[in-house]
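So the protein sequences, as listed, match chains A and B.
Last residue of the first sequence: number 425 in my numbering, and the count goes up by one each step with no gaps.
Last residue of the second sequence: number 298 in my numbering, and the count goes up by one each step with no gaps.
Read the hints as simulated data drawn from the structure, not as lab findings.
What you are looking at is a predicted structure, and each value in this text was computed from that prediction instead of being measured.
Be careful, since some hints might not be right.
List time: in silico DSS-like cross-link candidates among lysine-lysine, alpha-carbon distance up to 27 Å [what the hints assert, rightly or not]: (1) B:K182 with A:K300; (2) B:K182 with B:K161; (3) B:K182 with A:K333; (4) A:K394 with B:K206; (5) A:K394 with A:K420.
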Amino acid sequence: MMRTKLISELKPRREITPSITGAKMMTGNVAAAWAARLAEVDYIPAYPITPQTEIVETLSQWIALGEMNAKLTFLDSEHSMLTAAGTSSLAGARVFTATSSQGLLYGFEMLYNIAGWRAPIVLVNVSRAVAAPITLEPDHNDFLSTRDTGFILLQTETCQEVLDLILLAYRVSEDHRVLLPSIVNLDGFHLSFTREPVKLPDVEEVRSFLARYNPPYPFRAGKPSAKGVAVLRPPLYSFYKYQMHLSSLNAIKVFKEACDDFEAYFARRYDVVEKYMVDDAEYVFVMMGSFTSIGKKAVKMMREEGLSVGLLKLRMVRPFPTQDIRRALEGKKAVAVIDQNISPGLGGTLFAEVSSTLYNVEKKPKVILPVIGAIGGKTLSVDEFRYIVELMMKYEQRGEPEPILLFREDELREVESLLKLGVGE
Amino acid sequence: MLIYTRFHGRGGQGVKTASRILGNAAHFEGYYTQDFPIYGAERRGAPVVAFTRISDESLPVPERGYIFNPNLIILADESLLNDPIVNPLAGLQRNGTLFINTGKPVDKIFTGRDDVRIVGEDLIGLSLKYVGKTILSTGLGAVAAKLTGLIRWVSLEEGVKEELLEIGIRGEMLEKNILLAKACFERIYPASLPMPKLAEPKKIVKINWMPPNLTIPEIRNVGNTRVRKTGNWRIFKPILNLEKCTKCGICIIYCPEGVITMTSSGPEIDYENCKGCLICFNECPVKAFNYIREVEAA
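Model the full structure from these sequences, guided by the hints.
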C-alpha cells in the first residue's frame, strides 16, 4: 500500500540551505528601502499610500536614527511629490520616491514631465488595482498606464529582485546614453508585505557598481538655465520626443551591460527577459510580476507529467525587449499571454504588444492566446495554467481566440452569493 | 514545500507577528521560508489571516498567494470557528493539525472535523502568568514552531528576539516574552504533518454580459450584513438596565452603527451588529448602560 511520506521521517536539518546563507528575512517594501539606502540617495520626497507606505516609513526611521544620510520630505500630494523628485534630480541629486495606484495616477501629469526633463529618478510603484470599485489588492493597470510616459519600466518577481532591480535602474537611468527615469514595480501584498530571504549587497561593492550620479547640466547658482522649455516650433517637439524614444531603446543594451557587471559583483544573473524552461518548450506562457512564481510552479508540475511547456517572464517592459521576445518565442506551437490588467473594449495590454512584436517574425507561433487573469488581487492556481495549455492545443489547430477571462466555478459561486447580498435580487 | 501554515485571528491579536516569528525561526533553522499577512482596510478586531511557508528545497521555486491547502492551522480566536466568511478550517488537509487558543478542553469545541489532530492551549492564561499581559503573538508563534516538528528551541528563541526587537520590545518585556515562548514550546508535542497535496481541480467558467442591476459596483440592499455579523469581534458588550432607562433616545441618536432601536419596552440593541464602541455607555445621561467582556481571547 502507498504511504504518504511524513515530515518526521525526513532527516533533521544540520546545515543551512545554500540559497539563504547570509540572507535576511524582509518584505519587498523593506527590500526597496534597502536599495534606496544602498544607492545612497540624496533626496526622498514622500507621500503615504497603502500598500507602499512601509517603504517611506522604513526610510524615515533610518534617517531619524542617523543610520542613513538623506533628506526626506513629506509633500502635500503625489503631484507635488513627483514635481519635487524631478526638479531636485535636475539639480543633480540622486532621488528616490515611491507610490501606488491612485497616488501614481494623481501625480500622473508629472511623469511625462520628469521623463521629458530627462531627470533620472527611480520611482517604485507598489501595484494596486485602480478604483472603482476600490480595492487594496494588486494588478498591473496602474503600472501599465505609465507605458507611454518615457520612463524605463521594470517588473519584479521576488523581494531579492526588488532590491537588485532598483540598483540596476539607477545604473541605467543615470547612464548618459539613456538619461530617463525608471519605475520599478512590485506587486502589493504578494511582494510588498511578503517576507522572503534577501541577500543584502555590501555597501562598498554597491558604491563601486553604482558610481555617483554625474548630471550633464545641473542647475547651478550663478549659471542659469531653463529646463522643460516651451517648443513653439512643432518640428522641435517631434525631434525631442524621438530622441527620448532612441534613448529609451539604448536602455536595452545599457541594462544588459549593467547586468553583466552586476553578476560580476553580486553573483546574481538578470536579463531583460527570463526564460524558464522555454528553449525546448512547445507551449509558452508570457507573464510578469510576482505571480510568475505561480506560473513557474505550474510549468514545473506539467513538465513532470511530460507536457512541453515553458514560461517567458518580462522583466523589462519599456523599452520593450522586442528582439529577446522574438528569439524566445519563434518556432513555438502556441503562446499564451497572461495579462494581469484589462483595457476595457480591447482586452489585455501585453497581449497587444507581444502579438505586434511577433507579427513580422517568419517562424511566428501558430497562435497567440489572449488571457486575462489575476486582476484586482484574484489569485491564480495550477488549474488555470492547465486550462490555458488545453486552449493553446485547441486553438493551435484553428480558430481566432477572443480574450479569455480566468474565472473559476467556485469564484463565480462566491460572486453570485455576494451579489445577492448586495443588491438583494 | 513542507509546511503550509495558515494563522487566523483578529486585527490586534498579533497574528502577523506570530507568522513572522515562525518565519524567523524556520529561517534560522536553515529552511527556505516565506511569510505574509492578508488584510483589508486595517481595523482592530476584523478578521486577519497570515501565512508561513517552509521548504527544504535548496533552490526552491518560490510560491505565492493565499494558502488554500494548509497542513497546519493556528487559530488565535475561537470565535472565528463559526464565521462563515472566514471559514478558518477550509482546505485543512486530512491528518493535518489544528491549534486552537482556548481555555476549554478541545473535545468540548465543535469543529466538524474528526480527521485532523486538534491541539488546544490557553495562551491568554500563559501570557498573563509569564508576561502579565494578554499577548498572543509570541505564544502563537512558539506553538506553531513546535507543531512543525522542524524547529529547535535555539532557532525559535532567536526568531522571537529578532521579531520583538524589530517592533520595539526590549529589556524585561523581551525576557518575559522569551520565557512565555519557552513555556509554550515545552507544553506542545509535535505530530507528523502530511505532505501538502494540491486542492481538487476547479472548473474554469465563462462570464457573460449581465444587466446593470447586477454589474455596477454598488450596494442597494439595506441589512446586507446577514452573512457577516459585524458584531462578532466585539470586545465589550453594552448591557442596558431598562429599570434605570428613561427612554430619552440619546443612545439611539449617538450610536454610530444605528443598531439601537426604540421598542415599546425601551431601546433594544442589535447585538449581531453592535461593535461594542461603548458610545451609548458614555453618552447615557442616567448611566443606564453597563458593559461586560465579550471576546476572551482579545
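Do the hints match the structure? See the list:
1. B:K182 with A:K300: It is violated: about 40 Å lies between the C-alpha atoms, which goes past 27 Å.
2. B:K182 with B:K161: Distance ~12 Å between B:K182 and B:K161 Cα, so the pair holds.
3. B:K182 with A:K333: Violated, at about 58 Å.
4. A:K394 with B:K206: With a Cα-Cα distance of about 17 Å, the restraint between A:K394 and B:K206 holds, given a limit of 27 Å.
5. A:K394 with A:K420: Roughly 36 Å separates the two Cα atoms, so the pair is violated.
Hint compliance for this structure: hints 1, 3 and 5 are broken, all remaining hints hold.
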